[in-house]
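Trainee: Please build the complex by placing chain S on the supplied structure of chain D, with the hints as guidance.
Residue numbers (this note's numbering), protein chains in the order written: chain D, 1 to 205; chain S, 1 to 403.
If you're looking for bench data, these hints aren't it; they were derived computationally from the structure.
Take the hints with a grain of salt, since some may be wrong.
[Unchecked claim] Straight-line Cα separation of at most 25 Å, SDA-like style, residue types lysine to any residue; simulated pairs:
id: 1; chain 1: D; residue 1: Lys67; chain 2: S; residue 2: Leu283
id: 2; chain 1: S; residue 1: Lys284; chain 2: D; residue 2: Asn126
id: 3; chain 1: S; residue 1: Lys310; chain 2: S; residue 2: Asp298
id: 4; chain 1: D; residue 1: Lys86; chain 2: S; residue 2: Tyr403
id: 5; chain 1: D; residue 1: Lys193; chain 2: S; residue 2: Gly255
id: 6; chain 1: D; residue 1: Lys193; chain 2: S; residue 2: Arg219
id: 7; chain 1: D; residue 1: Lys86; chain 2: S; residue 2: Ala289
id: 8; chain 1: D; residue 1: Lys62; chain 2: S; residue 2: Val259
id: 9; chain 1: D; residue 1: Lys86; chain 2: S; residue 2: Ser397
id: 10; chain 1: D; residue 1: Lys67; chain 2: S; residue 2: Asp148
id: 11; chain 1: D; residue 1: Lys62; chain 2: S; residue 2: Phe194
id: 12; chain 1: D; residue 1: Lys193; chain 2: S; residue 2: Leu170
id: 13; chain 1: D; residue 1: Lys67; chain 2: S; residue 2: Ala289
id: 14; chain 1: D; residue 1: Lys67; chain 2: S; residue 2: Ile16
id: 15; chain 1: D; residue 1: Lys62; chain 2: S; residue 2: Ile359
id: 16; chain 1: D; residue 1: Lys193; chain 2: S; residue 2: Val218
id: 17; chain 1: D; residue 1: Lys62; chain 2: S; residue 2: Ser397
id: 18; chain 1: S; residue 1: Lys167; chain 2: D; residue 2: Met131
id: 19; chain 1: D; residue 1: Lys67; chain 2: S; residue 2: Lys310
id: 20; chain 1: D; residue 1: Lys193; chain 2: S; residue 2: Gly257
id: 21; chain 1: S; residue 1: Lys284; chain 2: D; residue 2: Pro82
id: 22; chain 1: D; residue 1: Lys67; chain 2: S; residue 2: Asp298
id: 23; chain 1: D; residue 1: Lys32; chain 2: S; residue 2: Gly257
[Said to hold, decoys possible] Output of the computed footprint for chain S on chain D, the stretches with three or more beta carbons under 8 Å from beta carbons of chain S:
id: 24; region: 77-89
id: 25; region: 101-110
Note that this is a predicted model, so its numbers are computed, not measured.
All C-beta atoms in this analysis are idealised placements derived from N, C-alpha and C, irrespective of residue type, glycine included.
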Amino acid sequence: MIATFIALVFALLSPALAQEKAGSIKGTIAVKARRANSPVVVYIDGDGPALESLMTGEVAQKNARFKPQGLVVATGAEVSFPNEDKFFHNVYSLAPGASFDLGHYASGHSETVIFNEPGVVDVACNIHADMSMKILVLPNAWYAEVAEDGSFEITGVTPGPHRVVAWSADHTPVIRNVTVVDNEALEFSARLKVSLEYINRGGYP
Amino acid sequence: MIALLFIAMTALADPIVAGSQPLPEPSSPHLQVRDGVLIVFDGYLDVGFFDAQGDGVAYDRASGLRGPREAPWVFYGDPWANPVNSQGDSADLGLDRTNIDRTDRIASGGRPTFLLNTWHPGIALTAGKSLQVDAELDFEPRSGELGDLGDAVSVDIAQFDWRPIEKSDLHVYIGKVESTFGIEYRVRHAPDRFGITPSSIARYTTGTPLGVKVRGSVRQVFWYSLAATSTSTISERFGHFKNESTASGRLAVRGNGPVRVEVGASGAAGAIGSRQAGVDAQLKASDLAIRAEGLITDQTDGQGDWLRAKGGYVEVDYHLANWLAPLVRVDRRDADFRAGPNYYDSNTLRFTGGIRFDITYNAIAKIEYLFIDELGSDLGGDNDQVETEIADNVFTSSLVFRY
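So here's chain D without its partners, still in its complex pose:
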C-alpha cells in the first residue's frame, strides 16, 4: 500500500522533476540598412543542445555575386555552391579552422562543403575581387531569427552565464555576456551598424 502510494506520488511529480530549468532571452535588434534575404540572427555562443534543422544550405554564384550574401546553418551542415553564371567562378575561404578552396569551375557545376566547426566563415571568389559573402555556422540550437520589426526570442536557455551574439553578414556583430535566470525572460536589445570591414582584395587598382 505504501509502495503504491509512493509510486503514485512519484509518477505525479516526475514530469515536474524531469523538466529542466530554463529561461529565455528576448528583445529588439535595430538593424541599419537591412537588406532583404540577408538574415539577422541572435544566438548564444558556446555549448548547448544540438541544432537539428538548418543542415543544408545553398550559395549560388549568379550575376557575379554570391546569392545570398549571408547564410545561417547548423554545425555539420552541407552547403552547395552552384555556378549559375555563364562564366568561371572560384569559391574559397581562409577562415581559421574552416578553410577550403573549390578551384575554378564552369557554369552548371556545383561543389559542396561540410561545415563542422561553428563560427563565421568568410567566402570569396579569387576571379572576381568584389564577390564575397559570410556563412554563420551556429554552435547550438539557442538562436532566433530577428523579425522584420526587430523582435526576437530565444527560449529554453539553460540558466547561467552565456555569451550572446547579434549577427548579420553586413554588420558589425554585437557581443555581450549575460546571465540567464530560471523562468525569467532576459531583455537583450542592440543596434547593428553597417560593417566597414574590407578584405584585402582591393577591387580595381
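Mentor: Only chain S this time, still in chain D's reference frame:
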C-alpha cells in the same frame, strides 16, 4: 563516353569538409618566403594570327589632300585604326610613306601573319596585409628590319601598393602605376579584355604613368582615383605627349544591386598645357555587360606639335554559354594631329565583331573582325572631293594562356 565519365565523376564527387584541407594558396606558382611574406609568379602568354586588308596600313599619304600651309605632308586615316592584339599594335605602320624614323615592330605588309603578341610575366610580393610590390613586364619578340632586331622588353607595371588603413579600401600606389582615366585600363591585358583589340581611344587612357596614385571609396559606392605623375596616360608613340607632368583623376558612382551600374567622369591636366576630359558608364546584368566611354583631348608638346581628338565607343559583351561569348563594339574617333611637317587628318568609324571561347579558365581563344570606315576629311574646301576610303579591315585572332 567522355561525357558519361565526366557525369559519373561529378556525381561521385564527395563534399569537402571545411578546414580539412591545407589553407588555400594562390593558383599561380608562388613561394612562401616566411610567415606573412609571399611571392607570386603569374602572367600570360598571348599568341595570335591576323590578316589585314590591303598593305596592312590604315592611313595614306593623301596626295590630293591639301592641309595647312605649315604642314606640307598630309596624311589621311588613323595609323592605329587596325590593331591586331591587345596592346593595340597596328598591322603595319606604313613607315615607307612617312618622312620620320620610327619603329614598326610588325610591318606585315598586308601578309597573313603569326605573332607572339606578348609574354607577360608578373611578380607580386606581399608583405603582411598592408604592402604589396607588383612588377609586370612585356616580352614582345618581333622580326625587325633595317638593322633593328625588333624585339622589345618593356616594364608595364612596377609599383608599391600600400594600404595605410587596414579596415579601409584606400590604396596608395607609388611607381609605374595603372591609369586613373576611364575604365578601359582595367581590361587592357589580353586575359581580362573580353575581345582582342583596344578601343580607338585606348591610346589616350590606358598608358601606365610614373608617379603617385591614391584610390578608394566611400562605402564602396562613391569611388575616387587621383594621381600626380611625371608622365600621362597616353600610350600612342607617334607623338611625345606622354612625357608631361600630369594631374589626373576619376570620380565614379557604383551601384551594387543585381544590375550593377557604374558612371564616372575623368580629367587630366598637364604642366605644359595638355587637357583631357572624359565620361564613362558600364552596366553589368547577369551575362550581359555594356560599357561606353567618350573623351575629348587637346595635347601639346610645347614645341609646336599638337593633337586634338574626340571619340568614344560602346561595347556589348554577352555570355551565351560558359565557352561561347560574342561581342560587338562601335568606335568613333575624329582627330587632327600635327607632328613636325606632318599633318594627320583622321576621321573614322569602326565596327568590331568578335567571339570569345573560354576553353578553360586558363586557356582562352578569341577571334575578331574590324570594319574600318573613313568618314571623309574635315579640312574642307576642295578636299571633300578627294577619295578617302582605305582598304584596312582586319581579321585577327588570339590564344591566351594564363598562369
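Trainee: Each of the hints needs a verdict: does it hold here or not?
Mentor: Here is how each hint holds up against the structure:
| no. | hint | verdict |
| --- | --- | --- |
| 1 | D/Lys67 - S/Leu283 | holds (19 Å) |
| 2 | S/Lys284 - D/Asn126 | holds (19 Å) |
| 3 | S/Lys310 - S/Asp298 | holds (9 Å) |
| 4 | D/Lys86 - S/Tyr403 | holds (21 Å) |
| 5 | D/Lys193 - S/Gly255 | holds (20 Å) |
| 6 | D/Lys193 - S/Arg219 | holds (13 Å) |
| 7 | D/Lys86 - S/Ala289 | holds (12 Å) |
| 8 | D/Lys62 - S/Val259 | holds (11 Å) |
| 9 | D/Lys86 - S/Ser397 | holds (22 Å) |
| 10 | D/Lys67 - S/Asp148 | violated (55 Å) |
| 11 | D/Lys62 - S/Phe194 | holds (19 Å) |
| 12 | D/Lys193 - S/Leu170 | holds (21 Å) |
| 13 | D/Lys67 - S/Ala289 | holds (19 Å) |
| 14 | D/Lys67 - S/Ile16 | holds (20 Å) |
| 15 | D/Lys62 - S/Ile359 | holds (20 Å) |
| 16 | D/Lys193 - S/Val218 | holds (16 Å) |
| 17 | D/Lys62 - S/Ser397 | violated (30 Å) |
| 18 | S/Lys167 - D/Met131 | holds (17 Å) |
| 19 | D/Lys67 - S/Lys310 | violated (41 Å) |
| 20 | D/Lys193 - S/Gly257 | holds (20 Å) |
| 21 | S/Lys284 - D/Pro82 | holds (20 Å) |
| 22 | D/Lys67 - S/Asp298 | violated (46 Å) |
| 23 | D/Lys32 - S/Gly257 | holds (17 Å) |
| 24 | 77-89 | holds (count 5) |
| 25 | 101-110 | holds (count 8) |
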